[in-house]
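Visitor: Listed here are the chains, written in short residue letters.
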Amino acid sequence: MEMLRVDNLAVTRGGLPVLEGLSFTLEAGHALVLRGPNGIGKTTLLRTLAGLQPPLAGTISMPPETMAYAAHSDGLKSTLSVAENLQFWASVYGTGSIEPALERMNLRQLSERAAMSLSAGQKRRLGLARLLVTGRPVWVLDEPTVSLDAASVVLFGEAVRAHLAAGGAALMATHIDLGLHEARVLDLAPFKARPPEEGGIKGSFDEAFA
Amino acid sequence: MIALLLRDLRLAVRAGGGFGLGLAFFLIVVTLVPFGVGPEGQILGRIAPGILWLGALLACLLSLDRIFALDFEDGSLDLLATAPVPLEGVVTIKALAHWITTGLPLVVAAPVFGLLMHLESTAYFWMILALALGTPALSVLGTFGAALTVGLKRGGLLLSLLVLPLYVPTLIFGAELVRRGAQNMDTNVPLLMLAGITAAVIAVVPFASAAAIRVNLR
Amino acid sequence: MMPELGKYALTVVLSYIGTLGPLAVLTIWTLWRGAKVKAALAAQEERMKKNG
Amino acid sequence: MSIWEYANPVKFMKTSSWALPWVSVATVISLAVGLIWGFFFTTEAMNFGSTVKVLFVHVPSAMMAINIWVMMLVTSLIWLIRRHHVSALAAKAAAPIGAVMTIIALVTGAVWGQPMWGTWWEWDPRLTSFLILFLFYLGYMALWGAIENPDTAADLTGVLCLVGSVFALLSRYAVKFWNQGLHQDSTILKVGEKDPLDPSYYIPLVICIVGFVLLFVTLLLLRTRTEIRLRRLKALEQRERMA
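Chains as they are written, first to last, in my numbering: chain A, 1 to 210; chain B, 1 to 218; chain C, 1 to 52; chain D, 1 to 243.
Hint data in this document are derived by calculation from the structure and do not stem from the laboratory.
One should not assume that every hint holds.
No more than 25 Å apart at the CA atoms, straight line, and that leaves these computed lysine to aspartate or glutamate pairs for DMTMM-like [as the list claims (entries may be wrong)]:
hint : chain 1 : residue 1 : chain 2 : residue 2
1    : D       : K14       : A       : E197
2    : C       : K49       : A       : E198
3    : C       : K49       : A       : E20
4    : B       : K153      : D       : E148
5    : A       : K192      : D       : D198
6    : A       : K192      : A       : E158
In this text the structure is predicted, and so the values were computed from the model without any measurement.
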């Protein structure tokens, strides 16, 4: 089943095109890893897919209410406890209990601890638990393993695998190895936007300036 | 939505004196004014409504820059913007939480501060009424200013410059309501204007704030 | 040449100075900034043409 | 041929460079004629004495202070709705001119108020409203200056301009209510009423107003051209960094 389709997409950062002509699809049960050097526009692309900024050209099609977005930072409130953080997002997404997510991410013992007292790996587990309580099938993750040690990266990989096995899908951007060998890799370098002189797409202001 | 309100209130309390900070600031203003203008009760009584209003304005301004800044820094604002809740609602709830932590305590404590300022006895009722009607508009307009400056490193001073001119009508009608009420003059016009401005601000400004947030997250 | 302004001479002269002064400053600033930006843009375009 | 063609920067640069010499010459002529006529060749008024000559700088600057804000409101709306960059840049370019006009109106008002009312400053509704308008101009310009990304800045200042316009009007009403004031009502629109402005003042005043409008157009064209170039320069620098 197709969860996400991107056709001939172009995205801009600061009014200038960074990626153009990008097309891909993502099916249920599959993961797609976006690779490319820093500054190529991975974050910009993911933010565009999440609907935080409009695309310059092209179309993004997906069923409504299927996507959960996670940025570099987890959006955790350090003075709230693990359970309170999760409960908040569960209410926002209108999903029921946080218990399964606590269980799956092995956070039960920590549930009363304040988020500020967690280690980096525990925080990331909490971030993944947040994705679980959204109940959304398509995970869009920006640098999900940044600042994690090897053991935590393995744990992250297992969580994503379990999500895929349950019929979910994941789209991840990273410039390091995630340890998810079954995931398809899409290198973004060939889609780097060319200058308008070489036939590249024009940004909004260049277009007007001709 | 209610979850967001509870979360914000809880955060305000845990951040240390969410409710107390505005009040303490208000108390300092009220304490300092007599040092500036002299201790004569008559003068203080005459300027009391204005001082109380100015104190409310400044106390409100004090915590504005944190309305969105913290959520912006830790990424929750991105997540809220992609969550299945309208951003207009988020903005309104944020303003409500801000009002509950700063505006409401001021309304409740106003009689005490009025006492310190020798407020005329006829003015107490009107002072509380004016603050109760006016301070919600201050919070909502403040959220608008905070939404405009959310991405900026040092937005604090700019925020004041943007927000304070927007406070002028509320301040004028609020202070005028107290003055007229205390002297048994006709209070209809300032009362209706004050309430009308607040109602219109609550109905319309959240759309502008949400638009500003969307632009800032782009 | 000077018109008879009577006791209000200072008022009238001050108001004309207070008008023409700021306008002159604004005009000069506008022209100066315009010239500066124009030169900077020309330099940038020249450099980009040379480099690629 | 649609009017929106002029919103294309290239077309705008061409048209404005053709128009600028004519507009500037017209500005110099009308301002020189109007101000010299007003300063040297008008007679004293009955109850104002020679201070009536202040009229010729005070009224046009006050009119421009308000009209420039209205123009910024219109161009901001055009930007927010139709996304024409020139429109947003024109609003940005107009703001400092409007702020200077507000200062001039306040300064000439204070200078005029001193002999007439015996005070430099009075918390009169009109004066107070202009002070508030000046604060709005300051806030608007400060917001433009604070934001790096030009499109973000254009959007946010546009929204601020909309909200600010409503509140500027509201403040005007509030201030009027708050203090009834010394300032007489606007004289310029009183033609045909029982106390019209004397025709010998009317003609130079109209010339001065035309002069101020033309000056605004000249400065606006110059500044908008600068803003367009600046925008282009920034885009080129960014592209160079990315390459």
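Visitor: Taking 25 Å as the top limit, are the C-alpha atoms of K192 (chain A) and D198 (chain D) close enough?
Guide: Given that 25 Å is the threshold and the Cα spacing comes to 70 Å, the pair is violated.
Visitor: Could you grab the alpha-carbon distance between K49 (chain C) and E20 (chain A) and see if it respects the 25 Å cut-off?
Guide: holds, 24 Å
Visitor: Does the alpha-carbon distance linking K14 (chain D) and E197 (chain A) stay inside the 25 Å limit?
Guide: holds, 22 Å
Visitor: Given the hint that K49 (chain C) pairs with E198 (chain A), does the C-alpha gap stay at or below 25 Å?
Guide: holds, 14 Å
Visitor: Hint check: K153 (chain B) vs E148 (chain D), CA-CA at most 25 Å. Holds or violated?
Guide: holds, 11 Å
Visitor: Quickly compare the C-alpha distance for K192 (chain A) and E158 (chain A) to 25 Å and report which way the hint goes.
Guide: violated, 32 Å
The structure shown violates the earlier hints numbered 5 and 6.
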